[in-house]
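S.K.: Residue strings, one per chain:
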Amino acid sequence: MTMKPAPFKYFTPASEEEVLALLTQHGYEAKLLAGGQSLIPTMNFRLAQPAVIIDLNRVSGLTYVRPGDSGGLCIGAMARQREGEYHPLFAERAPLIRETMPHVAHPQIRNRGTFGGSIAHADPAAELPAVMLALQARFKLRSREGEREIPAGDFFVGMFATAMQPEELLTEILIPPLPRRSGWAFKEVARRHGDYALAGAAAVVTLDEQERCREVRLVFLSVGDGPVEARQAVQELAGEIPGEEAIRAAAETAAAIDIDPGSDIHASAEFRRHLARVLAMQVLHQAFARARRA
Amino acid sequence: MGTTYIGQPVLRNEDERLLTGQALFTDDVHLPGMLHVAFVRGEHAHGRILKVDASAARSRPGVIAVFTAEDLGSYWQPGPLLVPPPPIERLTFHQRTQVPLAKDKLRHYGEAVAAIVAESRYLAEDAIADVIVEVDPLDAVVDMEKALEPGAPLIHEGLSSNLAAHVIQEKGDYHSVFPGADVVIKKRLLYDRGTAAAMENRGVVAQWDAAGQQLTVWDTTQAPIPIRNGLARMLGLSESQVRVVAPFIGGGFGPKIMMFYPEEVLIPWIAMQLKRPVKWIEDRWENFFATTQERGQIHEAEIALTADGHILGVKDVFVHDTGAYDPYGLTVPINSQCTLLGPYNVPNYYSEFKAVFTNKPIVTPYRGAGRQHGVFVMERLLDFAAKELNIDRAEIRRRNYLSPGDFPHNHQIIYQDFAPLVYDSGNYAPALDKAMEMIGYEKFITEEQPRLRAEGKQAGIGIVSYVEGTGIGPYEGARVTVEASGKVCLATGVGTQGQGHFTAFAQVVAEQLGVEVKDVRVVTGDTREFNWGTGTFASRGAVVAGNACHAAARMVRNKILKLAGEILQASEEELILEGGRVYLRNAPQKAITLGDLAARANPLRGAVKPGSEPGLEATAYFGPERGCTASGVHALILEVDPLTMMVEIQRYVVVHDCGRVINPMILEGQIQGGVAQGIGNAFYEQLVFAPNGQLLNASFMDYLLPTASEVPNIENAHIETPSPLNPLGVKGAGEAGAIPTGALFAQAIENALREYDLEICEIPLSPNRLFDLLGERVKQNIEISISHE
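The listed protein sequences derive, respectively, from chains R and L.
Taking the working numbering as reference, the numbering of the first sequence is continuous, increasing by one, and the terminal residue is 761.
Taking the working numbering as reference, the numbering of the second sequence is continuous, increasing by one, and the terminal residue is 1058.
If we strip away everything but chain R, and leave its shape as in the complex, we get:
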């Protein structure tokens, strides 16, 4: 296949400071190149024609995975997605991410693709944004003006849209620790292994000492303009003992009220709603089972 993007200027900064300077200089004209697994194909199709490419692959100090405060996890924005499967800290501190990673495209893509790239790209069909929302991750953003931290809930603002400013660089993803008696699950339905899902769901739940729901988060992907939290369904479960009936009812609410999926050539809105209901039931069931065992 011929690769033929439109002309662009290409920079290879070596430090965050150089990146921030370039971003300040070029602003909206510039695109950051991380793993390139989404950007390069869209450039080759000439769907994206950025005037400036700032390649982050030579920037030092962004690829780490290290323990965060009190059981959490810090992921450098340029850490490759493949780390999520093999780095022991994920198994220990962010097992939901580890469980999700095999669903993210194919190993070759995860070898190149980065955590920061997928999150900043904010594809509504991508797994990582939904999982970040379910885990209440926080993102560190830097610009020449300074640094700020933003919760995942405020970060994803629409289709391929985030709260980042054009001169900002995502540097770190902070995954907070899960409380005791927590459980988690991720499932998706994709046409072929590694495809973008027709629908997917992530759940993170915490039980209290009486086996009642202390906290539940249920997030869908591929059913809206971004990761979609099932707020109504979650409210129904609050304080309840999550038995089969309660889970089924919550899944019903999530699919009927919390989401408003669209139709495309792969799945109708009605089919997506159906899948969302099935997946919600399955991930809640599994997450609560894990919480009870924890």
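Just so you know, the hints here were simulated from the structure itself, not pulled from any lab data.
Computed cross-link-like contacts, SDA-like style, restricted to lysine to any residue with a CA-CA straight-line distance of at most 20 Å:
id, chain 1, residue 1, chain 2, residue 2
1, L, K1048, R, S735
2, L, K1048, R, E719
3, L, K1048, R, R715
4, R, K471, L, W554
5, L, K859, L, L837
6, L, K374, L, L432
7, R, K476, R, N511
8, L, K1048, R, A736
9, L, K584, L, E1031
10, R, K471, L, H299
11, L, K828, L, A868
12, L, K372, L, L428
13, R, K471, L, R310
14, L, K1048, R, E712
15, L, K544, L, R327
16, L, K1048, R, S730
17, R, K471, L, V298
18, L, K1048, R, A716
19, R, K471, L, E388
20, R, K471, L, R329
21, L, K1048, R, D727
22, L, K1048, R, A657
23, R, K476, L, G331
24, R, K471, L, F969
25, L, K584, L, R359
26, R, K471, L, S389
27, R, K471, L, G331
28, R, K471, L, I397
29, L, K656, L, E1028
30, R, K471, L, A398
31, R, K476, L, S389
32, R, K471, L, I333
33, L, K1048, R, A723
34, R, K471, L, M970
Because the structure is a prediction, the values reported are computed rather than measured.
Chain R is already provided as a structure; the job is to place chain L on it using the hints.
M.R.: What follows is chain L alone, placed relative to chain R:
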């Protein structure tokens, strides 16, 4: 017949070159001073071209030239009709062939409007935006049935409707069946479009040597010799001035024999105009509409049977979508018409089709070439009949098989090769038995399926039969030469796209000449090496070219033995040819090597006998009187997730009869690849056109090819019923894997979901489509599912 090489799983001669990256593909051709072409392609499926202004593009730095239809002058001509309609009595055909660059009208999305030639492909692509194409959009004709309605937009002015062809073929009298019929089943069956999606897209490189007055063209074609002949005619050159090389090609599957593609006509002409080498490599996006496609048909079909399941007759009336033009004539719908009859005894048959123009990419054969549709219709009708009559699915097929004594069997209709559809040979029941045994048909139905069902698993089994008319004429040739090294050179005119020709043909020659397979160097696809032939298509390489190789090798074998007999002073009966030498049966020390014989046959000095020909060389041709009929049975076990409608294939069995097998390893590769395409066709691949004719999934992100995760390893077995129509006894195998998969899938899914009483009358399927077919009933599954977690 005892054989040394034929029938052996000989490792492939070409693999070392392919696997180490040494094989030449068209895009590997880099020439000094080479220019690159990008095409400006129309962005409407149907519209009148008001203006094409390329002036801005022409002045862009790096752009050498831009050609529009106007710039082509008299070189602008509609393409040739590749296959004229067969001599069928009740036949109407309207010829409308593609043009090099659209002039007055756009008739499908992506038709080329201008060719931009630049110093690099990047620069050529940049200049596309500079070309102004003003179009007055017209309503697009997308639905093939609506295309024939009065008042439908007219795609080709000068015709009174969008009808491209109308054909009726009949055997016996279908209407005579009704008094005896116990059951008549009538269904509407649909088959939608897909694309071959060869791994390598198309490409053309052309070089004009003004000093030598020679044109060389590297082309991803399945038919280099006809391309050479046509280019010479179009360009006003002698055929000897044009060399067309079809180097290694990453998959053909039919669309690479659509002669002539606009790019094939233009690139050589541009190279001559500019006197510089010119390259165009199709990108994947272009491949989705600039390369031909297949498979859109709608059938209204009817079958009449006795209560014990014997077929009395079949009536089938269908519409065939031929796309914007019909350069390949009627090959595809006639294949559908003929292949429907399958391995069955159908005494009465009425088949009528209308081919229609639509504002979609051109339809020409793609692996199966219409046979899928015929098999789908017949197999579905038999399934519905089996259910109605409460007869087992395998049994109803067996009851209707032609028996070994019925051959040759004349179906009394005309096939794609213009000859009556006569099956040369076949033996169908053993293949069915073998497939049932391999997949464990009885045990699955009586034991495994009920057990899985009790576990909440919706597993289903399918079994279908089909025949494939293969190995059609007209002819191919081969030249075999023993060289002074003792090695053998074999040249043939067909192109090669991964079929293993470098090995299978070498096996045929090595068998006759007593040399190692690796010592036969095969040259294919280069018009400088062999002057005559048609191409690789219709599962005919092994049959037609293979038998030409065999004939030439036999002639050389005779020359070897004659010369060796003279030298060793022995009669030919006393001689043994093996291990690269000839020796006396009773005195093996009296021997001469093939190399020495080749040298003796080509003396540098001295006198030769009057009338003698130099060298150990022969050229032979083979043209079968008609095609030979391969056949097979496919069986499948799959599981449907009752909540998500996702399908997983558990097992896939193919029992195939393509006559004598030359190389079972290569054959199994062909079957595996064909089944993969069949699975894609059945459950993953579908070209989705918007009402305005835009293709909505022109990339591999949205056009779903099955991958290694979706395609199981096929379990193979072979039945060998040699063809009496050629000395090797071989039949074609190239398309077999892809043909019955849709019918098989439909049957197995129905079986897996049988409590829903589903009727599947369409291909391709998808989870969403199954969800729609099941409707509200899927949702009830949720209630029971959680207890299985």
